[in-house]
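Visitor: Sequence:
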Amino acid sequence: MRQFDQNFIDLNGKTVLVTGGTGSFGKQFIRTVLANFKTRRCIVFSRDEQKQYEMGLEIPVEKHPEMRYFLGDVRDVDRLEMAMRDVDYVIHAAAIKHVPTAEYNPFECVMTNIHGAENIVKAAIRSNVKRVIALSTDKAANPINLYGATKLASDKIFIAANNLSGAGGCIFSVVRYGNVIGSRGSVIPFFKQLIADKKDHLPITDDRMTRFWITLQQGVNFVLSSLEMMKGGEIFVPKIASMKIVDVASCLGPGLPHKVVGIRPGEKLHEVMVPEDDARTTVEIDDRYIILPAFTDGPRAIWTRAGAKPVDPEFRYASDSNDEWLSASDLEGMVEVV
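In this text, residue positions in the sequence shown follow my numbering: the first is 5, and each later residue adds one.
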């Protein structure tokens, strides 16, 4: 199982800000940074006072004096600029992520995911931030729901931001990956809770459904390594394994019957992280694919000189056609480390 931990960026003496820092990813990212580096400051930027209070109990300022808990909303560009003063690196994880919530509250989703992305770009450029990595989702590839559409727009904003920052200015890139084992909203905690409640079956949306799987720590490591290698304008996609949802259910609840309940609105049968239409601008290295911006050839030349190889023009990176699959023991190992 790849850990993506070969080339972390050196954060010693640097200031890092994480938007949406009280979420599953943000907490694990902060823990990893504190365990591996002596940062000057480590800033959590989020809008939920209660979650910041709870995280402050887990990671107290008294024990980690470099920690800062900064209340604010990515919709507020002025507040972002205040938070980004003297910040070196920004990890943008804040988003409205639940598909049904986004469908029912489209204005809110657009304000946070699209206008929030625009505000991050403006504040980072004005504050002389060095690098920004934005977290995306597989749902941004050929989106069929509003959440995916807003994240596609967000990805485009961050990639195009490199045209605005000028020579020697802030550089922007994106990280895109699939289902995170153990995160809020993941099917695995849902299945585990049903099993703990002694339910008589596990609901399966479709017995053909497949998904990519990555642990929270793998995701954090992938971001830290992408932050080190980014040149500006890339969408980094990790090479990770797939598994059928029915096999996940069988692994977690052996012998427990399954009940097919049908695909939910806005849900895909299989995940796609590199659509075929992006193959023309995609290269690969050992542990990841890199979708390069289509409007300039500069990044392709840089990555080619670094040893990256173009993928086949008809390449498509999807969970059903993946050449790497999880076994039951693989999944059990990944669940254990959550």
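Since the hints were made in silico from the structure, they are not lab data.
Glycine included, each C-beta is placed from N, C-alpha and C at the ideal position.
It is possible that some hints are incorrect.
Straight-line C-alpha distance at most 16 Å; calculated EDC-like pairs for lysine to aspartate or glutamate [stated by the list, open to error]:
hint, residue 1, residue 2
1, K18, D92
2, K235, D301
3, K272, D316
4, K31, D14
5, K243, D290
6, K42, E70
7, K248, D327
8, K55, D80
9, K196, D327
10, K248, D301
11, K235, E288
12, K248, E288
13, K272, D324
14, K42, D14
15, K134, E70
16, K126, D52
Label pairs and their calculated CB-CB ranges [said to hold, decoys possible]:
hint, residue 1, residue 2, range
17, P258, S325, 24 to 32 Å
18, G337, D201, 19 to 27 Å
19, A332, R79, 14 to 22 Å
20, F194, S333, 32 to 40 Å
21, T300, P258, 37 to 45 Å
22, G76, H205, 21 to 29 Å
23, A332, R89, 48 to 56 Å
24, F111, R212, 31 to 39 Å
Visitor: If a hint holds in the structure, say so; if it doesn't, say that too.
Guide: Going through the hints against the structure:
1. Pair hint K18 plus D92 holds up; C-alpha atoms about 6 Å apart against a cutoff of 16 Å.
2. At most 16 Å may separate the alpha-carbon atoms for a hinted pair to count; K235 and D301 meet this at roughly 13 Å.
3. For the hint pairing K272 with D316, the CA-to-CA distance comes to about 24 Å; that exceeds 16 Å, so the pair is violated.
4. Restraint check for K31 and D14: the C-alpha separation of about 19 Å exceeds 16 Å, so the hint is violated.
5. Straight-line distance between C-alpha atoms of K243 and D290 comes to about 8 Å, which keeps the hinted pair within the 16 Å bound.
6. Proposed proximity of K42 and E70 is supported: the alpha carbons are some 8 Å apart, at most 16 Å.
7. Only pairs whose Cα atoms come within 16 Å are accepted, and K248 paired with D327 is accepted, the gap being roughly 13 Å.
8. For the hint pairing K55 with D80, the CA-to-CA distance comes to about 19 Å; that exceeds 16 Å, so the pair is violated.
9. The hinted pair formed by K196 and D327 fails the criterion: a straight-line CA distance of about 28 Å is larger than 16 Å.
10. Taking the CA atoms of K248 and D301, the gap is near 38 Å; set against the 16 Å cutoff, the hint is violated.
11. Our distance criterion of 16 Å between C-alpha atoms is met by K235 and E288, whose separation comes to about 15 Å.
12. With a C-alpha separation of about 25 Å, the suggested pairing of K248 with E288 is violated against the 16 Å cut-off.
13. As the CA atoms of K272 and D324 are separated by approximately 11 Å, the hinted pair is consistent with the 16 Å bound.
14. At most 16 Å may separate the alpha-carbon atoms for a hinted pair to count; K42 and D14 meet this at roughly 10 Å.
15. Of the supplied pair hints, the one linking K134 and E70 is violated, its CA atoms being roughly 19 Å apart against a limit of 16 Å.
16. For the suggested pair K126 and D52, the alpha carbons sit about 23 Å apart, so the restraint of at most 16 Å is broken.
17. Roughly 28 Å separates the CB atoms of P258 and S325, a value that falls within the hinted 24 to 32 Å.
18. Between G337 and D201, the C-beta spacing of about 25 Å keeps the proposed range 19 to 27 Å intact.
19. Taking the beta carbon of each, A332 and R79 are about 44 Å apart, not inside 14 to 22 Å as hinted.
20. Take F194 and S333: their Cβ atoms lie about 22 Å apart, and the range 32 to 40 Å is violated.
21. Our hint of 37 to 45 Å for T300 and P258 is violated, since their Cβ atoms are close to 52 Å apart.
22. For the pair G76 and H205, the beta carbons lie near 44 Å from each other, so the given range of 21 to 29 Å is not met.
23. Here the CB-CB span from A332 to R89 is close to 50 Å, well matched to the stated 48 to 56 Å.
24. Checking the proposed 31 to 39 Å range against F111 and R212 shows it holds: the Cβ atoms sit about 35 Å from each other.
When held up to the earlier numbered hints, the structure conflicts with 3, 4, 8, 9, 10, 12, 15, 16, 19, 20, 21, 22 and fits the remainder.
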